[in-house]
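Student: Just need the whole structure built from these sequences, with the hints factored in.
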Amino acid sequence: MTTLKKSDHAAVPFWRDERYLKIIIQVVVVVLVVLAAIYLVRNLLTGLEDLGIPLSFKFLGIESQFDIGESLIEYSRTSTYARALLVGILNTIKVSFLGIVFATIFGIIVGIARLSKNWLINKLAAIYVEALRNIPLLVFLIFLSTSVFHKLPRVNEALSAWGWAYLTNRGIYVVWPQPSAGWDVYKWFLLGSFIIGLIVAIIKYREGMRTGRMPLYWLWGMVVFVVLAVVSWFIALFIAGQPMYLDFPSLQGRNFKGGKSLTPEFMAIFTGLVVYTSAFIAEIVRAGIQAVSKGQREAATALGLSGFQTMRLVIFPQALRVIIPPMTSQYLNLTKNSSLAIAVGYPDLFAVGSTIINQAGRAVEVILIMMGVYLTFSLLTSLFMNWYNKHTRLVER
Amino acid sequence: MTTLTPTKDVLPPPTERSTVLGWMKKNLFGSIGDSILTILGGAFLVWMIYTLIVWITTKAEWAVVTDNLQLFMKGQYPADADWRLWFLLFLLAVIVGLMWGIAIKRPTGAGWTLLIVPIVLAAWLFTLERSSWWRLLVIDVLAIIGYLLGKRYPSKLSRITYLLALLYMPIVILIVRGFGEDGFLFYVPTNLWGGLLLSLLLAIFAIVFSFPIGVLLALGRQSKLPAVKGLSVLYIELIRGVPLITLLFMGQLMLPLFLPAGITIDRVLRAIVAMIMFAAAYMAENVRGGLQSIPKGQYEAADAIGLSGWQKMVFIILPQALRAVIPVLVGQFIGLFKDTTLVALLGLLDLLGIARGVLANPNYIGRQLEVFTFIGLIYWVFSYGMSYGSQRLEAVLGVGER
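Chains as they are written, first to last, in this note's numbering: chain A, 1 to 397; chain B, 1 to 402.
There's no promise every hint is true.
As the list claims (entries may be wrong) - Calculated pairs, DSSO-like style, for lysine-lysine (alpha carbon to alpha carbon, straight line, at most 30 Å):
1) A/294 x B/25
2) B/25 x A/22
3) B/296 x A/390
4) A/117 x A/294
None of these hints come from the bench; they were simulated from the model.
Tutor: In C-alpha cells, the structure reads:
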C-alpha cells in the first residue's frame, strides 16, 4: 500500500498557480509596454536631435510674428507663441460654449417637433435630422463657409434687416448695447435687481415646497427683476445720465462700424456645429421622451394637467435621466469637433497650433500641448455633466 | 327563456373614415396652433423645393461633376486595375442578394430600391460613358441570382453567406492593394488610392484592424489585474479625449519620428495608422458594452463546467458579446466613413480632398455648390443606406433580442 508523501500535495507548479500567474502577467505586460514606450520615445528624441530641434518648450516665449483674425484678449504679432495658443484656447472655449448652448436649445425644439402630432412638422423635423446626421460635418462646414457665409453680398450691397443687422461677406453686424455715462451707477442697480429677483424666486419656491402648490417661481423672479431693472434705469438716468445706448452698425467708408461684428469664419463654424449637433441632440431628446412610459402621460392628463404642464412637470424631468448621459457625449463631440474650425479659417486652438507648427517647426511640443488642452476640456465637461447627472438623479426620490 | 335581440337593427359603430380631408383635419389642422404651424411649414417647404428646382434646372452646371466622375470615384487608381473594383462590387451584390434571399422571405421596399438604384445609375452613366453602364446591370442580375439562390437553399447557403459577409472587408483590402510587381493582381501603391475609393478603404482598414485591438482593450478594461486594466483605461480615455484631427496630425508629423531612422511610410499609411488607433478606442467601448450585456450566469456556468479563463472568454463570452455589438459596429463604421473626410485637411485626396482639388481648377471656379451637393449626396446615400440596411437586417434577424 502506497502512502501519499507530502511533496505530492504541493504539486501545483508556480506557473499554474493563480497567485503568481496574476503577478507574472502584469509584470510582463508592464515591462512590454514600458519597453515599447522607451523604444519609441528614444527614436523620437534622437530623430529630433538629428533634425536639430531637440524637444524643448522654450519656443513658447518667442514672438509669434503672425496675426490672428479674432481674439478675446489683446494680441498682436509681437506677442509670444504662448499667448497665441492662449488666444486659440479662448476661441475654442467661446465657440464650444456658445455652440453647446444653442445646439441644446435647437436640439430640444427639433426633438419635440419630431414627436409632434402635426404630420408636416413631424416630417420636416425628420428630414432635418436624417439629412444632417448622414453627412460628414467637415463637408457641411466647408459648404457653409464657401457657399453661404462668403457668398453673402459685398459690404456696399449688404443685406439689411431694417437697419438692426447687416449681412455681408465680411461678416455679420448686429446692433448691440454699449455702456455710456450712467452705466457705472446702473450696473450696481442691475446687480441688485437680479439678487432681489433671485430672492423672490427662492421664497416663492420654498413657499411652493411648503404648501404643495407650486407657483411659477421663475416667472415671479423674472418679473420682479425686469420691473426693478426698468425702474432703476430711470433712477440712473436721473442721477448720472443714460446708462446704455443701442449702437447701430453703419457703413462708414469701406466697412461697417459700430454694433457687434461676427466674422464669417466664426459664423461658419458656429452655425455648422450648432446645426449638426442639434440633429443628434434632437434624436436623443426624442428617444428620451419616448422612453417615459405612456402611463405617466395618461396619469398626468387624468390629474387634469395641461399639455405644457404635463411636459414640464411629468415627462421632461423623467426623460432627463435618459437624456443626460448621451447628451454628455454630444457635448464632448461638439468640443472636439470645434477643432475642424481650421477648415473654415476660424483661429481656434488647433488652427493656431498648426500655424505654429508650420512656423516654428515644433510639431511634437505643439501636438502635446493641444492634446493636453483637449483632454482637459473633455475631463472638465464630463466631470460637470456627471455632477449634473447625479443632481438630476437625486431629484428622483 | 331569453331570446337574443336580433342585431340587425343595431347600427354598426361609426367608422373613422379615412378621406383625404379627414386625414388633413386630423393630422394637419387639429387646432389653431397646428394650423399656423402647418401653413408656415408648408410655405417653407414649398419655397425650399421651388428654390432647389430652379437652381438645379437653370443655374447649376453639372459639367464639373460629369467631367471628373472618374476622379471623384477612384482618384488616380490605375485604369487597368479597374476590374478589381468592379469584381468587388459584383461580390458585394451577390452577398447582399444572398442575405436578402435568406433573411427576408418576400421583396421589400428596401430591396426594390437596391435594385432600382443601379438601373437608374446605369441609365444615367449610359449618357456619360458607354463602356461601363452594363456593369451596373450585371450587379442587378447577380443580386437577383443571389436572392433566388438564397431563397431556394437558405439552410445550405446561410453559413457561407455570413462567412463571406464577415470576410468581405479583408477581401477588399487584399484585392484593392494587390501584391507582387506585376501579374494580374499587381501592387497598387497607396498614394494612387483616391476619391470615394480611398474614403471607403480608410473606413474599412480602420474597422478591420481596430477590431482585434479593440477586443483586447475591452477585455483588458474588464480585467481584474490592475496594471492591465489601468493601461487599457489610460489608452481608451486618452484617445477618446482628443479630437481625431490631432491624432491624424500626430500620425503625419510624429509617426515618422517614432520609427527608427531609415524606415519611411507614406502619407496614406500614416493616416490609416492614426485612424486605426482612433477606432480601436471606440471599438473597445462598443465591445465592452457587449461584454456587459452578457448575464453573469454565463460566466458562472462556464466556470462550473471547468473551463479555463481563456476558454471561457473565447468559447462562451466573446461569441455572444460580439453578436450583440454587430449593430453598433455598423454605426461605428458609418461614423468612421464620415470621419475619413478629415484626411482632406492633411492634403490627402479622399472624396472631399478631390472635391477641393477640382474646385481649385480655374475651369471650375465658383462651382462649389454643385460639387458639395454631389459629394454631400454620396456621403448621405452611403451613410443612410448602411444604417437603413442594418436596421432592416437587425429587425429580421432579431439581433440583440435572443
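Student: Quick check: which numbered hints come out false for this structure?
Tutor: The structure breaks only hint 2.
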